[in-house]
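Q: Just so you know, the sequences run in chain order E and H.
Using the UniProt record's numbering, read the first sequence as starting at 1 and increasing by one per residue.
Using the UniProt record's numbering, read the second sequence as starting at 1 and increasing by one per residue.
Do not rely on the hints blindly, as some may be mistaken.
As a list, the in silico DSS-like pairs of lysine-lysine whose alpha-carbon atoms are at most 25 Å apart [unchecked claim]: (1) 83/H with 167/E; (2) 361/E with 98/H; (3) 3/E with 14/E; (4) 307/E with 152/E; (5) 26/E with 94/E; (6) 83/H with 108/E; (7) 80/E with 98/H.
What the hints contain is simulated information worked out from the structure, not anything from laboratory work.
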Amino acid sequence: MSKRQVAMVMDLNKCIGCQTCTVACKTLWTRREGMEHMLWNTVNTQPGAGTPHGFESMGGGFRDGVAQPGQRPSVEDFGKAWNFNHEEVFFGGKGEISLAADGGKHGKGPNWDEDQGGGEFPNSHYFYLPRICNHCTHPACLEACPRKAISKREDNGIVLIDEDRCKGYRFCQEACPYKKIYYNEVEEVSQKCIFCFPRIDEGVTTACSRQCPGRVRFVGYLDDPEGPIWKFVTKHKVALPLHAEYGTQPNVFYVPPLSPPKIDDEGNPTDEPRIPTEYLVSLFGNGVHDALKTLERERERNKRGEKSELMDLLIARKWLDMFGPFQKHPRDAARNRPIPQNQQKPRAPQQQVSEIRFYTKEEFKKGGRA
Amino acid sequence: MRTQRVKNVAPLLDPADPGWRTVPVEQVSMMPTPLAMQPTPYIRNSWEGREYGRVTDLAVASVHDGRQWALRASWRGVSPAGKDFPDALAIALPVRGKPVLALMGAADAPIHFLRWQANKSVVASQIAMGIGSSARGPAITCSAQARAEGDRWQVVIARPLGGAGDLAPLVAGRKTGIGFAVWMGGNDERGGIKAFSIDWAELALDA
Ligand code: SF4
Ligand code: SF4
């Protein structure tokens with residue numbers, strides 16, 4: 001077990017499904033060749049199939065401590081990065097042509113059932129569920145790997161794949177019940193969320209949390225009584241892991257969403273919430289009942305003008321307080337490092353507008369320069 | 001198992017070369033690697049009751065010309081296209097000491113592997129000192145040519161004679177041990193999920 005564990009709490013009451021987190025991660029980490037389909041961070045609409053589609057029935061994890069067989073999601077299950085016929089549409093000179101993904105033969109995208117949700121009008125409902133690798137305390141991926149290519153960092157519990165040891169066997173992909181491992185067909189290795197460890201090491205929080213306009217994501221050490229995580233998870237018990245029954249002890253926790261009351265046939269509000277509590281229990285376990293009660297109670301206190309530590313934390317008035325000890329600006333962290341010799345000269349002016357493309361591993365290491 | 005001396009190995013690098021017809025073929029018995037020896041509980045649990053390592057024998061012939069050594073192996077097990085893992089063959093040779101083949105060698109007794117896989121044209125040189133430990137092996141100029149005839153693979157792997165450091169010795173007029181592993185990619189076989197020759201066979205190179 002690691003000495004300490006970094007963890008994330010996501011407040012589902014505030015996620016607006018904007019995918020800024022997804023894009024922040026994509027542009028920072030998954031721009032190498034073979035990573036086109038990778039979204040280490042995903043945001044899906046619930047109830048829904050998620051990403052990869054139907055991941056909750058793909059097996060893996062542990063039952064009574066015993067490793068369970070699982071499936072490998074295919075690129076199609078994750079949802080491919082589609083190619084569009086922009087050239088043809090804008091410059092092709094044909095009036096009739098319309099925009100088509102993969103020549104009209106596309107499969108499902110990673111966010112296929114966006115905003116569909118569940119329930120019948122007037123009680124239709126949905127909420128967004130952002131997901132990253134959970135950097136589990138009992139990581140099924142790590143335990144499945146015969147190459148010892150996956151490790152859990154001693155100092156902060158971040159789970160990492162050593163790409164030099166990985167041979168692309170993908171037992172980890174089968175074993176992870178959250179299906180948060182991707183396979184790079186070009187580099188022939190498995191890859192996944194790294195909890196932005198190079199930033200965390202410098203005191204900078206993850207890109208997804210820092211970019212989130214909804215102030216959804218809190219970051220810190222699980223056992224730090226001064227930090228936000230411990231207060232949500234341990235003190236107030238309002239943040240719960242997704243599918244704890246998978247047995248991996250995830251370190252990403254969710255504040256379950258409150259919802260307006262269900263409407264009866266006469267159009268009058270009932271005592272039941274619009275999002276069925278049983279559905280939330282199926283995701284976050286029995287702790288949902290108490291968590292929702294606590295949230296409602298504290299909200300009422302706030303309304304009465306009384307002080308509520310929990311509400312103050314959730315509102316996140318002071319943005320930087322959301323990130324525990326990881327409040328540094330990335331620019332300031334970068335300033336403390338000497339600029340490498342080969343990057344000290346001014347850059348040649350760009351000749352043309354750069355196109356969006358994926359880099360080779362070598363180009364990527366040089367900051368995307370050939 | 002004998003490696004016959006021939007005048008020139010070069011034409012025999014093609015598995016279809018008629019020259020192979022006069023080289024004696026030996027059958028090597030193969031079996032699935034025992035489930036209990038798979039290195040992680042996940043692999044043991046997920047392969048329990050699932051068939052693997054179904055290749056029961058390998059037809060092997062080998063030649064050398066004083067400089068090059070070539071081995072032709074043939075077995076039934078061509079996987080359909082579009083699968084996640086490739087069909088593959090590995091030849092194991094002991095580097096020094098008395099490594100246990102099933103344990104993939106030990107720290108003081110490494111095993112050198114030459115591995116061909118159907119989706120690559122190069123042979124990988126690997127060194128292993130225990131299960132799950134294989135790493136890049138010594139640099140060596142190897143070649144492999146493969147053809148699928150119906151459901152049979154015919155593969156010729158060649159390397160120079162000699163040997164120093166971590167390169168397993170193959171010397172004219174001397175004996176060594178040889179072992180094999182076969183993966184059927186279409187059945188998701190990779191890593192320790194494979195068929196292997198239970199123990200070393202003696203390999204005697206003509207002087
Ligand atoms: S979420 Fe999956 S990939 Fe991430 S640590 Fe847990 S088991 Fe491993
Ligand atoms: S950036 Fe924040 S609000 Fe937007 S989808 Fe991600 S978690 Fe939700």
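Q: Check whether the Cα positions of residue 83/H and residue 108/E lie no farther apart than 25 Å.
A: Roughly 21 Å separates the two Cα atoms, so the pair holds.
Q: Assess, step by step, whether the Cα of residue 26/E is no farther than 25 Å from the Cα of residue 94/E, and give holds or violated.
A: Measuring from Cα to Cα gives roughly 34 Å; hence the hint is violated.
Q: Starting from residue 3/E, check that the Cα of residue 14/E is at most 25 Å away, please.
A: Status violated; Cα separation ~31 Å.
Q: Hint check: residue 80/E vs residue 98/H, CA-CA at most 25 Å. Holds or violated?
A: violated, 50 Å
Q: Check whether the Cα positions of residue 83/H and residue 167/E lie no farther apart than 25 Å.
A: holds, 16 Å
Q: Run the distance test for residue 361/E versus residue 98/H: straight-line Cα separation, threshold 25 Å.
A: Answer violated: residue 361/E to residue 98/H is near 40 Å, above 25 Å.
Q: Given the proposed pairing of residue 307/E with residue 152/E, does the C-alpha separation stay at or below 25 Å?
A: violated, 39 Å
Hints 2, 3, 4, 5 and 7, counting from the list given before, are not met by this structure.
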